[in-house]
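Could you build the full structure based on these sequences and the hints that come with them?
As a plain string of letters, each chain reads:
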Amino acid sequence: MKFGILVNEGPYQHQAADTAYQFCKAALAKGHRIHRVFFYHDGVHNASKLTEPPQDDRHIVNRWIKLAEEHDIDLVVCVAAGLRRGLVEENLAPRFRISGLGQLIESGIQADRLVVFGD
Amino acid sequence: MGGKVKRFMYVNRKAPYGTIYALEALEVVLIAAAFDQDVSLVFVDDGVYQLKKGQNTKGIDVKNFSPTYRALEGYDIEKLYVERESLEARGLTEEDLLVPVEVLSSEELRELMEQQDVVLSF
Numbered sequence: 001m002k003f004g005i006l007v008n009e010g011p012y013q014h015q016a017a018d019t020a021y022q023f024c025k026a027a028l029a030k031g032h033r034i035h036r037v038f039f040y041h042d043g044v045h046n047a048s049k050l051t052e053p054p055q056d057d058r059h060i061v062n063r064w065i066k067l068a069e070e071h072d073i074d075l076v077v078c079v080a081a082g083l084r085r086g087l088v089e090e091n092l093a094p095r096f097r098i099s100g101l102g103q104l105i106e107s108g109i110q111a112d113r114l115v116v117f118g119d
Numbered sequence: 001m002g003g004k005v006k007r008f009m010y011v012n013r014k015a016p017y018g019t020i021y022a023l024e025a026l027e028v029v030l031i032a033a034a035f036d037q038d039v040s041l042v043f044v045d046d047g048v049y050q051l052k053k054g055q056n057t058k059g060i061d062v063k064n065f066s067p068t069y070r071a072l073e074g075y076d077i078e079k080l081y082v083e084r085e086s087l088e089a090r091g092l093t094e095e096d097l098l099v100p101v102e103v104l105s106s107e108e109l110r111e112l113m114e115q116q117d118v119v120l121s122f
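Heads up: the protein sequence lines correspond to chains A and B, in order.
Under my numbering, think of the first position of the first sequence as 1, with each following residue one higher.
Under my numbering, think of the first position of the second sequence as 1, with each following residue one higher.
It is worth saying that the hints were derived from the structure and are not from the lab.
None of the values given here were measured: they were computed from a predicted structure.
Just so it is clear, CB atoms sit at the ideal spot from N, CA and C, and this is done for glycine as well.
One should not assume that every hint holds.
Unchecked claim - Subject to a maximum C-alpha distance of 25 Å in a straight line, what follows is the list of computed DSS-like cross-link-like pairs (lysine-lysine):
#: 1; chain 1: A; residue 1: K2; chain 2: B; residue 2: K6
#: 2; chain 1: B; residue 1: K79; chain 2: B; residue 2: K53
#: 3; chain 1: B; residue 1: K14; chain 2: B; residue 2: K4
#: 4; chain 1: A; residue 1: K2; chain 2: B; residue 2: K4
#: 5; chain 1: B; residue 1: K52; chain 2: B; residue 2: K63
#: 6; chain 1: A; residue 1: K49; chain 2: A; residue 2: K30
Unchecked claim - Covered stretches of chain B, going by a simulated chain A footprint (3 or more residues, C-beta under 8 Å):
#: 7; segment: 20 to 27
#: 8; segment: 41 to 50
#: 9; segment: 106 to 116
Below, the structure written as structure tokens:
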């Protein structure tokens, strides 16, 4: 099955970012595909290269990057939500790209299931 | 988009102000209108307040975006559903809402949700 993922919450603040990641890992392990992960609302902070958690904690941003590299997943950050929160191209982590909400709708059209993670 | 029309339902569950979910959900809906999909909006829980008439946000210095709901018709988004139980629990009636809606019971909404291809919840 081909999944689209929507992450609506920031990392570290809320479980949703972790759960979305764990869902992706589990789905991929079962042989499913992740069409795209779309980051919206405070979810855009998942893509900040300025993120520096303490060394004994998980690195949520790097985790996404690794997952994208290993499974060629499209990581898309909403431009409007990003701008509102100061997330622009120059502080975007590798493998993420900035685009519009149309990418979310397209993911809903292309994927067999669109799964929303948020409050 | 290649002729494939899916049924998209946007579920609005939160009050219009206090968090950004309602405003950013509306932004998604406006973009979605350009994709020629079958779009419907549902308002449940505190989400019913998004449609309340007479919103005035001057005191909290936040943009009052409620007039946008009236513009949805211009985007061919005409299927708006409000859960009856949520309205009643908040002492509201259909007359308190700023746009025409269809009021459905939670059971009827459940059935409608089952018919959707994509349900986005905000």
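For each hint, the structure was consulted:
| no. | hint | in the structure |
| --- | --- | --- |
| 1 | A:K2 - B:K6 | holds (16 Å) |
| 2 | B:K79 - B:K53 | holds (19 Å) |
| 3 | B:K14 - B:K4 | violated (31 Å) |
| 4 | A:K2 - B:K4 | holds (16 Å) |
| 5 | B:K52 - B:K63 | holds (15 Å) |
| 6 | A:K49 - A:K30 | violated (30 Å) |
| 7 | 20 to 27 | holds (count 4) |
| 8 | 41 to 50 | violated (count 0) |
| 9 | 106 to 116 | violated (count 0) |
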